[in-house]
Amino acid sequence: MAKVALRVVALTYLLFLLVLPVGLICARTFSNGVGPVVAALTTPSARHAFQVTIETAIPAVLANTVFGVGVAVLLVRHRFVGRRALSALVDLPVAVSPVVVGLGLILVYGRFTPIGGWFAAHGIDIIFSIPGMILATIFVSLPLVVRAIAPVLEEIGIEQEQAAWTLGASARQGFGRVTVPAIKWALAYGMVLALARTLGEYGAVAVVSGNLVDQTQTLTLFVQDRFENFDQQSAYAASFALAAIAVVCLLAISLLRPKEGSR
Amino acid sequence: MIRVSNVSKNFADFAALTDVCLDIPAGSLTALLGPSGGGKSTLLRIIAGLEVPDTGTVDIGGQDCTHLPPQRRNVGFVFQHYAAFKHMTVASNVAFGLKIRKRPRAEIKQRVTELLELVHLEQFGDRYPAQLSGGQRQRMALARALAVQPQVLLLDEPFGALDAQVRKELRAWLRRLHDEVHVTTVFVTHDQEEAMEVADSIVLMADGQVRQVGTPDDLYERPASDFVMSFLGPVTTLAGELVRPHDLVLTAEPADGSVPAVVERVVRLGFEVRVDARVNGTPIWAQVTRYRAQLLGLRPGDTVYVRVLEDPARRAKEPVG
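Protein sequence lines correspond, in order, to chains S and V. Under my numbering, the first sequence has 135 at position 135, and the numbering climbs by one with no breaks. Under my numbering, the second sequence has 1 at position 1, and the numbering climbs by one with no breaks.
Incorrect hints may have been included.
Covered by chain S, according to a simulated footprint, are these stretches of chain V (three or more residues, beta-carbon under 8 Å) [unchecked claim]:
#	stretch
1	70 to 77
2	96 to 109
3	144 to 155
For the chain S half of the interface with chain V, some residues (derived, Cβ under 10 Å), not all of them [as the list claims (entries may be wrong)]:
#	residue
4	ILE156
5	ALA164
6	LEU167
7	ALA169
8	SER170
9	ALA182
Think of the hints as simulated: they come from the structure by calculation, not from any bench. As the structure is a prediction and not an experimental result, all values here were calculated from the model. Each residue gets a CB set at the ideal place from its N, CA and C atoms; glycine is no exception.
Put together the whole structure using the sequences plus the hints.
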């Protein structure tokens, strides 16, 4: 009885918070058939928003993958002064509002600051431009790769790598041939989560991008812009596209991932 | 051979090894025996290059290896928990060291086949480690370590994670394997029976120091200290001195050097009998054959006379060499 009640509560909760809103977006998106959706998503502004989203997301995910693996190895395998502080710092982006992050980035990298000014003098605009948006997305998705692989690294320990060393493998070979294959699914999962988070980021990007149509407008900014301009068809279509990409990513990873305990 | 000279190692404020000197002859099968926390695993890992000593040197085959990384020491290492490469088949695990060395494919294939035969896993080459039993995994780990033809084979509590039956089998098997392969082998164990059964030579360690080195017989018959004696087998106290319970002689009548004892309990342990008694109120126990116990007709409350079996070799106590 209690089990059934728990299920009903959980499902109702999800229904009102997740299923209904997303479901209604799908319904609204396709209320006039597929034609208008395709049209809305292939306007020059929409295409450009897709492009900006990809240009921001890919470098951000790659940066977080490299950083995430490095920090996870550091946190799991090394004991040093400030380790706990680093661990807490990694989680900070989850706690801090993205808008605050955006403002902070402007204060550091804006045109009229020392760092931003130096870059501007060398022809690189960071704020109101792609580099700033990449920085903002890196920040908001910072912990995802670290937290996905740290428990797995913890579980496999260091002995397999040490065994590889005694067999003649260099530190790099040991890591690449023994540890990476062992953490690859956790890493892929972390990367997909980071990608999903990156695609959906709004607040920080809204602040640092300046939301310039056809220049620094990502898909999420495009949705907001279209919605405010009463172009609901475009807003729903782009929302649907965002949700669909995330769902496809998560589905792909859970289908590819070997079942727990089967090796 | 392996020569460890004046090696010390501290972890934070814990002294794992203090000024350890040790020679391990080439081709021998040596046990590093001792209670846990005694420093034996640390010493093994220092020989392998997985730990660096704070002071002192390690020589392998006449070459100073103290600062060589594990990759360049030509040692094979077997871990207590196998450290199997889980995403590789058994054959790939064994081939790992050879692939790293970029040996020709035909040679690798042949060598892997030979090794799998050596460890009786020829049927299992295509399986994954998760599909093997603990004993099979440890044999695979041994084959993997032997594949690169190491100068020295190091095993850290190799049978520690296995159940009693498999443990026994693998001990005998390791002994036979060493007789076939002749590679200088050092294994860590806290089980004195395992050390006595398998090793040519035992290094008894405690508190980060070597307490005695010798053949199993040396250590058992001529222990350098009470600690060594009580670590290697059962002991009891007679007149303030440690003796082996099976070195006690019980007689019905008083004899030279015997003391009277009151029997408290007689426990049958198969062929032998354990006799619990008190000498002047102090508990003592003796191990005698069932035949001897029947001859004496031992019952609780009886008085018997106890003395130590005279054998000067067993009584000698020499300082630690």
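Each hint tested on the structure:
1. 70 to 77: Coverage by chain S holds here, the residue count being 6 at a Cβ distance below 8 Å.
2. 96 to 109: holds (count 4)
3. 144 to 155: holds (count 4)
4. ILE156: Where the cut-off is 10 Å and the nearest Cβ of chain V is about 8 Å from ILE156/S, the hint holds.
5. ALA164: 7 Å, holds
6. LEU167: Because about 4 Å separates LEU167/S from the closest Cβ in chain V, which is inside the 10 Å limit, the hint holds.
7. ALA169: Interface hint status for ALA169/S: holds (5 Å vs cutoff 10 Å).
8. SER170: Cβ of SER170/S sits 6 Å from chain V, so the hint holds.
9. ALA182: 6 Å, holds
In terms of the numbered hints stated before, the structure departs from none.
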